[in-house]
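Protein sequences, first through last, are from chains A and B.
At position 71 of the first sequence (counting the first as 1) the number is 71 in this note's numbering, and the numbers step up by one without a gap.
Heads up, this note's numbering is the position in the second sequence plus 79, with the first residue counted as 1.
Among the clues, some could well be false.
Some chain B residues close to chain A (C-beta under 7 Å, calculated; not the full set) [said to hold, decoys possible]:
id: 1; residue: Cys261
id: 2; residue: Lys314
id: 3; residue: Val317
id: 4; residue: Asn465
id: 5; residue: Gln467
Counterexamples of contact, computed for chain B against chain A with all Cβ distances above 12 Å [unchecked claim]:
id: 6; residue: His118
id: 7; residue: Val120
id: 8; residue: His150
id: 9; residue: Asp164
id: 10; residue: Trp172
id: 11; residue: Ser198
id: 12; residue: Ala234
id: 13; residue: Asp335
id: 14; residue: Ser366
id: 15; residue: Pro388
id: 16; residue: Trp399
id: 17; residue: Arg466
Where chain B lies over chain A, by a calculated footprint (3+ residues, C-beta under 8 Å) [said to hold, decoys possible]:
id: 18; region: 2 to 11
id: 19; region: 42 to 48
id: 20; region: 56 to 68
id: 21; region: 71 to 79
Keep in mind the hints are simulated off the structure, nothing from the lab.
Quick caveat: nothing in here was measured; it's all calculated off a predicted structure.
Ideal Cβ positions, reconstructed from N, Cα and C, are used throughout, including at glycine.
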Amino acid sequence: MPFLIDCPNCGRRSPYEFKFGGECKRAPDPGADVKAWCDYLYLYENMSGVQDEWWYHTMGCRSWLKIRRNTVTHEIIEE
Amino acid sequence: MPTSQPVLRYKQPEKRYDVIVIGAGLHGLAAAYNLARYHRVGRIAVLERRYIGFGGSGRNTEMIRANKRAHETLPFYKESLEMWDGLSAELEWNLMVQKKGLIALAHSDGELAVMRMLSDSQRRAGIKIDMLGPEEVKKMVPSLDVSDKPALPVAGAQFHPEGGTVHHDAALWGYAKAASRCGVDICAGVEVTGFYVEGGKVNGVRTNVGNIAAGKVHVAVGGYSSEIARMLGVKYPVVTIPMQVMTTEVMAPFLDYYVASPRLHWYTQQTLKGDLILGGQLDPWQSWNSSTTWQECSERVAFILEYFPDLAHARVVRSWSGLCDCTGDSAPVMGPSGIDGLSLDIAWGYYGFKSTPACGKYAAEYIATGKVPEKIRHFGLDRFYNRQRVREIII
Ligand SMILES: Cc1cc2nc3c(=O)[nH]c(=O)nc-3n(C[C@H](O)[C@H](O)[C@H](O)COP(=O)(O)OP(=O)(O)OC[C@H]3O[C@@H](n4cnc5c(N)ncnc54)[C@H](O)[C@@H]3O)c2cc1C
Ligand SMILES: [Zn+2]
Numbered sequence: 001m002p003f004l005i006d007c008p009n010c011g012r013r014s015p016y017e018f019k020f021g022g023e024c025k026r027a028p029d030p031g032a033d034v035k036a037w038c039d040y041l042y043l044y045e046n047m048s049g050v051q052d053e054w055w056y057h058t059m060g061c062r063s064w065l066k067i068r069r070n071t072v073t074h075e076i077i078e079e
Numbered sequence: 080m081p082t083s084q085p086v087l088r089y090k091q092p093e094k095r096y097d098v099i100v101i102g103a104g105l106h107g108l109a110a111a112y113n114l115a116r117y118h119r120v121g122r123i124a125v126l127e128r129r130y131i132g133f134g135g136s137g138r139n140t141e142m143i144r145a146n147k148r149a150h151e152t153l154p155f156y157k158e159s160l161e162m163w164d165g166l167s168a169e170l171e172w173n174l175m176v177q178k179k180g181l182i183a184l185a186h187s188d189g190e191l192a193v194m195r196m197l198s199d200s201q202r203r204a205g206i207k208i209d210m211l212g213p214e215e216v217k218k219m220v221p222s223l224d225v226s227d228k229p230a231l232p233v234a235g236a237q238f239h240p241e242g243g244t245v246h247h248d249a250a251l252w253g254y255a256k257a258a259s260r261c262g263v264d265i266c267a268g269v270e271v272t273g274f275y276v277e278g279g280k281v282n283g284v285r286t287n288v289g290n291i292a293a294g295k296v297h298v299a300v301g302g303y304s305s306e307i308a309r310m311l312g313v314k315y316p317v318v319t320i321p322m323q324v325m326t327t328e329v330m331a332p333f334l335d336y337y338v339a340s341p342r343l344h345w346y347t348q349q350t351l352k353g354d355l356i357l358g359g360q361l362d363p364w365q366s367w368n369s370s371t372t373w374q375e376c377s378e379r380v381a382f383i384l385e386y387f388p389d390l391a392h393a394r395v396v397r398s399w400s401g402l403c404d405c406t407g408d409s410a411p412v413m414g415p416s417g418i419d420g421l422s423l424d425i426a427w428g429y430y431g432f433k434s435t436p437a438c439g440k441y442a443a444e445y446i447a448t449g450k451v452p453e454k455i456r457h458f459g460l461d462r463f464y465n466r467q468r469v470r471e472i473i474i
């Protein structure tokens, strides 16, 4: 197991129980132009390092969690 | 060709070049070779922070094929597949090109229908493709279980006779040697850490061994492209995901073809040496960590054993992983970067090995002429803004 995810509902669980939901992005304002929306949809910071990201606990409580993870070392950073 | 000379020497970079290529993977080396051989662009250097073939180019499963889907990409993959034929002679190095044929299994009528649709697009692009029934597959691959025993039995297959393999290390050395012979400086241990951009035009790069000036810089860093983006203060439409693969011990020859199950995400071939290469699925999450996992290994092996039960005795001897920078539409990014003089050849995911010869040719043409060649017209970053994303398949 490369790392464990601490689900507030289910405790420390294998990441294979989850579906990875990608990096957290900030949506543009509703009135933003098409370019801003394309940037939001298609571009990624794709961080080699610490990032905030979404995980969905498919085989557990079925909630979305926000996790801070180092994508190089797999270390989970807890606040 | 026996020789007492070393095949090439790593160089210390000079202070100024006409073209700098970042990354001594196959794409960077092929671009540099094509530039030096076919275009007059002056002095060329390839800067590599680790060593030749450190990235995907030294880690891939060597599969070459053209049975993709999109009309935007098929002619490109077809040309690249054909280019491998003449490459050993051109580079004066045996690349061990072996077009042994690729069999992609279907496990249901629905999948067969999709394969027939794909086959039609591929044939229309001039690619040879046949559909096979389970009995025909059994004749070609006697060790394959086509009975009802597997949970998802073999319902038929698509046969791509010109698909096959090329030895990836041979390809790396072939391109590196040939580029070096044509006067390209290949500099290992040189990491690009920043860019000099003035008035929207690139002037050079910053490295761990000092600044290097160049009017043209070509980015061919494989899975690491987003690190380049951060140096430039931009983002690219890619997510980096590792792919893991493994090999078995050497066995007597029993498998003549590359066999794959697109549905179950496994593929295998027996190399000329006799070991089986087993792959491969992208890891289930984004990561820049190329360690291997028990989960991936056991899942891949369990699937393959369902179809090749005789392999139960075979031992896995080695596994490894490499980083793939993947776009949402499974097509690459080639051409302009938005900065004058800075060109891109990135986002090749897990399909960049087969594409090497054509990438080298067209990247060089773009760098030399500044005009986007027709064959890579659909690969630009602009497609994400004008609703021209490529309708590629994900296998
Ligand atoms: C396990 C695996 C299996 C695969 N199987 C296949 C297959 O069967 N068929 C197929 O077609 N494709 C396959 N691929 C994909 C293929 O390997 C890649 O698309 C291809 O090798 C990319 O080549 P490249 O030259 O662009 O990048 P790479 O080979 O990754 O080279 C990039 C180089 O850039 C260097 N670099 C990065 N950042 C910097 C910097 N800042 N400064 C200096 N140098 C830098 C790196 O060290 C690296 O050596 C597979 C990939 C993997 C990981
Ligand atoms: Zn939970």
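Each hint, compared with the structure:
no., hint, verdict
1, Cys261, "violated, 33 Å"
2, Lys314, "holds, 4 Å"
3, Val317, "holds, 6 Å"
4, Asn465, "violated, 9 Å"
5, Gln467, "violated, 11 Å"
6, His118, "holds, 32 Å"
7, Val120, "holds, 31 Å"
8, His150, "holds, 21 Å"
9, Asp164, "holds, 36 Å"
10, Trp172, "holds, 34 Å"
11, Ser198, "holds, 30 Å"
12, Ala234, "holds, 29 Å"
13, Asp335, "holds, 35 Å"
14, Ser366, "violated, 5 Å"
15, Pro388, "holds, 26 Å"
16, Trp399, "holds, 15 Å"
17, Arg466, "violated, 9 Å"
18, 2 to 11, "violated (count 1)"
19, 42 to 48, "holds (count 7)"
20, 56 to 68, "violated (count 0)"
21, 71 to 79, "holds (count 4)"
This entry does not satisfy hints 1, 4, 5, 14, 17, 18 and 20, going by the numbered hints stated previously.
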